[in-house]
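A.B. asks: One-letter residues, chain by chain:
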Amino acid sequence: MDAVLNKINIFFFGYHKNIEKKNIFIIAISAFGLLNILSILPDIYNIYSKNGVINYGINDFLIRNDQFRLTFITGALEKIGLQYEYSLAIVIAIYICSFLFILMNYYRLVFAIIVLIIHNALVASSYSFSYGADYMISFSLFINVFLCIDSKYNKIIYSFAIRLLQLQLCVIYFFSGVGKAMGNNWYTGDAIWYLVSTYTNVNILTAFIATTIPFLFQIISLSVVIFELFYPVLIYNKITKNVALLYIIITHIIIILVINLYTFGVVMIILNVIAFQPKLILELKYFKRNEYIAE
Amino acid sequence: MKTLKIFLISVLLFHVFSSFIINIQIIKTWKTSTYSSLNTYGKKIIDYLEYFNTPEFIQTSMRNYAYYTGIERGYEYYSPNASNKQTKIVFRNNNISVDLPGKTFESKFKINSVFTILGGQLENEGFRNRVIQSMSVRLFTLNPNINHMDVSIVKKEFPSLDEIQKGKPIRIEESTVYNINKN
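Heads up: the protein sequence lines correspond to chains C and V, in order. Mapping to my numbering: the first sequence position 57 is 58, numbers consecutive. Mapping to my numbering: the second sequence position 92 is 579, numbers consecutive.
FYI, nobody ran anything at the bench for these hints, they're computed from the structure. Here the structure is a predicted model, which means the values were calculated and not measured. The beta carbon of each residue, even a glycine, is placed where N, CA and C say it ideally should be. Treat the hints loosely; a few may be bogus.
[Claimed, not checked] Examples of chain V residues lying across from chain C (beta carbon under 7 Å, computed):
1) I508
2) Q512
3) N526
4) T527
5) Y564
6) N571
7) T591
8) S600
9) I604
10) R617
11) I619
12) S621
13) R658
[Claimed, not checked] Output of the computed footprint for chain V on chain C, the stretches with three or more beta carbons under 8 Å from beta carbons of chain V:
14) 15–22
15) 88–96
16) 190–199
17) 206–218
18) 243–255
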């Protein structure tokens with residue numbers, strides 16, 4: 002019994018690999034969160050405003066009544082006499098500044114919590130526009146809160162955060178694989194063809210593949226299903242770990258290039274790198290050079 | 488130290504357990520939505536999951552936790568089957584397209600993903616009308632010179648890889664549903 006407890010203890014709280022790079026992980030998550038909001042800044046009112054492309058009446062119909070959303074914050078600001086437009090601008094400004102404060106290592110934990118709360122309010126207020134990437138960013142910001150805790154229990158909390166991230170990635174890929182394996186068109190290759198056609202206009206290359214070498218779509222989609230289903234096994238096996246990581250990173254790069262899901266692809270690569278810490282990437286000169294700056 | 492470890496282990500177990508339950512609940516909804524499009528094993532899994540029930544109060548606490556951790560929507564992307572249909576709402580003024588806003592690549596992508604995210608819900612006429620009304624109001628605000636717009640529903644249906652080999656083309660169907668004036 003003691004041996005089992007000891008193993009559990011070591012697994013969850015004894016993972017201190019690359020703890021000296023913790024700040025780089027915080028910077029990666031926060032910088033990406035900041036870039037994400039900056040990349041949609043010119044359309045903030047179109048996306049998040051209660052009179053945006055999808056108004057708040059429709060949005061509220063799609064989410065739970067008690068779900069925390071932007072109008073809860075802007076409503077409070079309006080009560081003290083601010084116009085709605087200014088209230089929304091203030092919330093976005095707080096969100097952006099909080100990222101900057103995290104990057105500057107100024108009351109990191111406090112601002113990591115603020116960022117998480119506002120991000121979730123933004124996602125809930127734009128349900129119709131929020132796709133996988135937004136939810137993955139939410140989860141990365143949640144992990145960021147744990148990484149930002151600076152106490153004498155640093156090592157324990159770091160280990161817990163990394164293990165939580167690892168297990169969550171296993172859940173993500175496993176259920177993604179289970180869902181696909183229950184259908185039909187992931188086996189025939191049609192799924193990949195439909196996704197490419199839906200997200201990008203059919204071009205010469207995709208039309209050529211679909212007409213002359215359709216089995217290429219089938220190979221890709223079958224490999225996605227098999228890999229996702231077995232990700233938890235492959236990633237925790239010492240022999241297959243590096244191949245699995247390489248496969249997942251390449252797959253996300255292909256998703257970025259072919260379907261143009263930039264945000265989703267990049268956030269998944271960041272999460273995988275932080276969780277399973279491939280030497281190939283973490284020992285790049287850039288990360289070594291910045292270690293002492295971050296610490 | 489021991490208390491902290493127990494607390495963290497509890498959080499971790501609750502997190503993983505919540506994530507599992509949420510994903511299972513989402514898969515269970517396929518019983519009523521996409522059951523016929525599942526393969527034999529898929530149907531068996533759904534039938535077994537019938538017996539898997541979680542008390543309402545546990546579900547509620549999990550949902551609240553899941554909301555703040557970004558795990559509430561599950562991970563069954565493009566499952567069980569990727570859709571071969573695409574529905575878009577198109578706005579035109581004097582036959583010139585009035586595009587939905589989006590000044591950057593990401594915001595354009597995000598705004599246009601409304602058609603993927605709402606997907607099937609846009610088949611419901613009442614809901615679709617609310618969406619068209621909301622979009623029209625925004626477009627009139629952003630384009631003050633426009634006083635009139637024609638709204639069309641464009642439906643694309645992609646043939647399967649097998650059907651492509653037999654020469655079946657992509658089917659595009661467009662129908663004008665509304666002529667909207669500013670006031």
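A.B. asks: Against this structure, judge whether each hint is valid.
C.D. replies: Do the hints match the structure? See the list:
1. I508: violated (11 Å)
2. Q512: violated (11 Å)
3. N526: holds (5 Å)
4. T527: violated (10 Å)
5. Y564: With a minimum Cβ separation of about 6 Å from chain C (threshold 7 Å), the hint on V/Y564 holds.
6. N571: This interface hint holds because 5 Å falls under the 7 Å limit.
7. T591: holds (6 Å)
8. S600: holds (5 Å)
9. I604: With a minimum Cβ separation of about 6 Å from chain C (threshold 7 Å), the hint on V/I604 holds.
10. R617: holds (6 Å)
11. I619: At about 11 Å, which exceeds the 7 Å cut-off, the nearest Cβ of chain C leaves the hint on V/I619 violated.
12. S621: holds (4 Å)
13. R658: violated (12 Å)
14. 15–22: Result for this restraint: violated, n = 0.
15. 88–96: violated (count 0)
16. 190–199: holds (count 9)
17. 206–218: Satisfied; 4 residues make the cut.
18. 243–255: violated (count 0)
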